[in-house]
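Taking the hints into account, I'd like the entire structure generated from these sequences.
These are the residues of each chain, in order.
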Amino acid sequence: MKLFKNLLGSVKPHFEKGGKLEKLYPAYDAFETFLFVPDHTTHKGSHVRDAIDLKRTMFMVIIALIPCLLFGMWNVGYQYHLAIGETATMMENFIFGFWKFLPLIIVSYAVGLAVEFAFAIYRGHSVNEGYLVTGLLIPLTMPIDVPLWMLAISVIFAVVIGKEVFGGTGMNILNPALTARAFLFFAYPIYMSGDKVWVHNAMVDGYSGSTILGELAASANWQSLSFNPLDMMIGTIPGSVGETSFIAIMIGALILIASGIGSWRIILSTFVGGFVMASLFNMWGANELMSTPAEIHLIIGSFAFGAVFMATDPVTGSQTNKGKYIYGFLIGVFAILIRVFNPAYPEGMMLAILLMNIFAPLVDHYVIQGNIKRRLKRANA
Amino acid sequence: MLTNVYFCDRKSQFFKKEMSKDIRLKKGLNINLNGEADKVYASTPQSDSFSLKPTDFHRLTPKLTVKVGDKVKAGSCLFFDKYSDRIRFSSPVSGEVTDIVRGAKRRVLEVKLKADAETNYESFSTLDEGATKEQIIEGLLESGVWPFIRQKPFDIIANPMDTPKAIFISTFNTAPLAPDNDFVLHGLENEFQKGVNFLKKLTDGIVHLNVDGNTNPSSVFTSCKGVQINRISGAHPAGNVGVQIHHIDPINKGDVVWYLYPQDVLTIARLFSEGKYDVSRIVALTGPQVEKPRYYRTIAGSSIENLLNENTIIGDNNRYISGDVLTGKQIDKDGNIGFYDSQITVISEGNQQEFLGWIAPNLDKFSLSKSYFSWLMPSKKYSLNTNYNGEERAYVVTGQYEKVLPMDIYPMQLIKACLIEDIDSMEQLGIYEISPEDVALCEFVCTSKMEVQSIIREGLDLIKKECS
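Respectively, the protein sequence lines represent chains Y and X.
Just so we're aligned: the first sequence equals residues 1 to 381 in the working numbering.
Just so we're aligned: the second sequence equals residues 382 to 849 in the working numbering.
These are calculated hints, taken from the structure and not from any lab test.
Some chain Y residues close to chain X (C-beta under 7 Å, calculated; not the full set):
| # | residue |
| --- | --- |
| 1 | Phe36 |
| 2 | Val37 |
| 3 | Lys44 |
| 4 | Gly45 |
| 5 | Ser46 |
| 6 | Val48 |
| 7 | Arg49 |
| 8 | Asp50 |
| 9 | Ala51 |
| 10 | Thr57 |
| 11 | Thr169 |
| 12 | Gly170 |
| 13 | Gly260 |
| 14 | Pro314 |
| 15 | Ile372 |
List of simulated lysine-lysine pairs, DSBU-like, C-alpha gap at most 30 Å:
| # | chain 1 | residue 1 | chain 2 | residue 2 |
| --- | --- | --- | --- | --- |
| 16 | X | Lys493 | Y | Lys44 |
| 17 | X | Lys407 | Y | Lys377 |
| 18 | X | Lys514 | X | Lys444 |
| 19 | X | Lys452 | X | Lys710 |
Every residue gets a Cβ at the ideal spot worked out from N, C-alpha and C, and that includes glycine.
This is the structure in structure tokens:
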């Protein structure tokens with residue numbers, strides 16, 4: 001600790017006003033404040049402040065993602081060994097997945113943070129912590145074999161077009177992690193959909209590793225699937241790395257809700273919205289996806305992952321408490337709607353959240369208008 | 382919370398007559414700090430160093446009537462409001478003007494006084510219960526007691542030409558370590574009633590006396606006649622008069638409500654019964670850095686030097702605050718108690734770095750969020766310091782402010798309207814009902830470390846400027 005302090009102290013003069021590297025101060029500042037909570041004291045307003053800051057907030061989300069991350073790594077190994085017909089121990093599966101997934105995380109953070117730092121230096125503001133979460137979310141929504149250069153491009157697209165053009169963290173309209181995924185999905189669909197991408201090496205070796213949604217869209221009856229609901233709960237199914245295990249996602253949801261970082265209103269209403277919509281389709285039952293039971297809809301695909309980790313992004317979601325219920329509910333409704341009616345995009349969750357990101361300010365607008373009308377009425381009474 | 386309030390409103394409409402209200406607020410936050418004042422009076426020799434600070438009065442431009450070396454009596458005018466010369470500000474003691482401290486652009490910051498050993502009072506006319514509204518207002522203005530009466534919106538000194546739609550007195554303060562008025566006003570039923578009787582004549586509406594619904598309030602308040610007694614329960618800011626007004630008789634555009642503190646009601650009573658400007662004040666010395674926090678009898682504007690000498694202050698890297706930790710003003714170690722304050726808080730400065738402080742579990746830190754463990758120990762008391770605990774950021778987290786503002790107002794949207802100086806939106810979103818002190822907790826809990834109180838203050842100033 002003293003070592004860090006001395007080290008920072010010795011390089012600090014270069015970054016301060018008049019130093020050689022003055023322009024790079026935001027980068028220095030990011031490292032210093034990462035290691036040490038700064039010694040800034042209050043100078044106006046409240047003399048004491050809550051212990052929370054944005055770093056702590058983002059750190060809690062990362063903790064909540066750890067169950068998904070660990071399970072996802074294991075599942076990569078498990079699916080691979082299953083596909084090639086070998087048996088492997090739990091540890092072997094995990095280590096296999098760990099080494100396959102690690103490069104994705106490294107590329108995502110390295111590229112994303114480089115862009116973030118570049119913008120912070122260019123604009124002369126401090127580096128925001130938002131990317132700590134985005135950088136982990138992006139690889140978790142990817143198929144394991146996504147080429148690293150493709151990942152890098154999508155990360156740059158997400159950070160620049162999804163976030164920085166609007167003014168950076170806190171100003172963006174679309175969820176950056178989903179922007180990255182949507183970009184890849186439409187730019188390189190071969191690598192992002194179909195039945196050959198969800199298991200490691202499937203494209204090369206030619207074995208099929210189709211997702212449940214893929215099979216359902218291809219008119220398989222849900223009961224004839226190769227996976228039973230227990231597999232779906234645990235997550236021993238092919239899919240994007242982080243999305244498969246309902247249980248791991250729910251552990252994350254509990255951490256987010258208990259710590260108050262994720263909005264329980266959004267999570268709950270998204271599930272309610274999805275359940276209501278799927279139940280309506282159950283009554284109709286015109287195709288296999290429609291007749292898949294509502295509760296199964298909620299645990300397959302990226303519905304749960306999106307509801308817990310994507311829809312809850314406070315910047316792109318609704319900001320009023322009432323608005324959060326409406327926003328979440330509509331995400332659930334649209335996710336199932338897209339899933340059922342558009343076989344080309346069996347994964348409706350991503351599109352539903354992006355769509356509602358756009359509408360969130362409108363939802364808030366009406367909630368706030370309600371408040372304004374209430375106040376006017378009071379004045380006229 | 383809201384249903385309850387609407388229920389109350391409907392009930393009162395039904396009876397067509399105002400009746401006392403019982404309001405339970407669910408939102409809010411009590412910050413448990415170490416250093417609550419014991420309910421005993423410590424005695425200390427009265428300091429002879431006093432000051433009156435024009436900066437205690439928001440938006441005041443003072444016009445001095447004294448110069449250094451002038452002899453004054455308690456109640457002599459030191460300065461008046463340049464734009465409303467009837468509003469005068471009086472010396473709290475008799476003595477000599479020793480210094481006039483000026484800041485940038487020669488703005489007067491402080492008029493310093495050295496008190497005589499024996500206080501000589503200016504004599505003002507006494508009034509009895511039969512006095513008219515005009516006589517009362519004239520008496521208050523002439524003596525310099527008037528500035529104790531302030532108005533909402535804007536938190537400025539009341540305009541004597543206005544007739545407020547109601548007068549509000551909050552008899553309890555829920556801010557951290559705030560003095561307990563039940564204790565401070567104990568046994569002063571008659572004086573308090575006398576002061577209230579004069580106040581009643583200043584409004585055509587009601588004088589609201591709001592008592593703490595969480596406790597059994599003192600009979601000073603509950604036995605008060607001629608007022609509407611409302612019970613308010615809830616965590617801070619339930620004791621803020623702005624929050625109470627919002628639930629009892631909300632301010633719409635154009636409305637004016639007056640308010641004052643219980644101890645100042647006594648000052649009014651003393652003025653009219655004894656004919657003197659007597660601003661004796663009971664002050665609580667509080668805070669985690671005070672070894673024996675307790676109450677002191679002193680005079681408004683007094684230096685806190687003697688208070689600190691009589692007590693042991695722990696450590697020497699401290700911040701001295703006139704007022705509470707959320708809304709008070711920083712003063713020097715030998716600084717003076719503010720005009721409206723009845724509390725001094727001493728906390729330690731947090732000017733130390735902390736290694737990986739944002740990851741560590743930090744059991745001694747307090748947070749509304751559950752990302753620290755303070756929520757598991759609701760009765761634990763904390764010794765908070767002045768560290769920012771982070772850096773200012775753009776808005777990311779939502780829904781935080783709403784948890785600590787028990788009003789039907791969208792705080793974040795209102796703050797953003799203030800930031801972009803959108804007056805229409807500010808009015809629509811309820812700026813007239815909000816004071817900086819009401820959003821102090823929003824500022825406290827803010828993850829992005831926004832200066833919420835000054836943003837609201839600047840918003841109010843903008844409206845005041847544009848609309849006057």
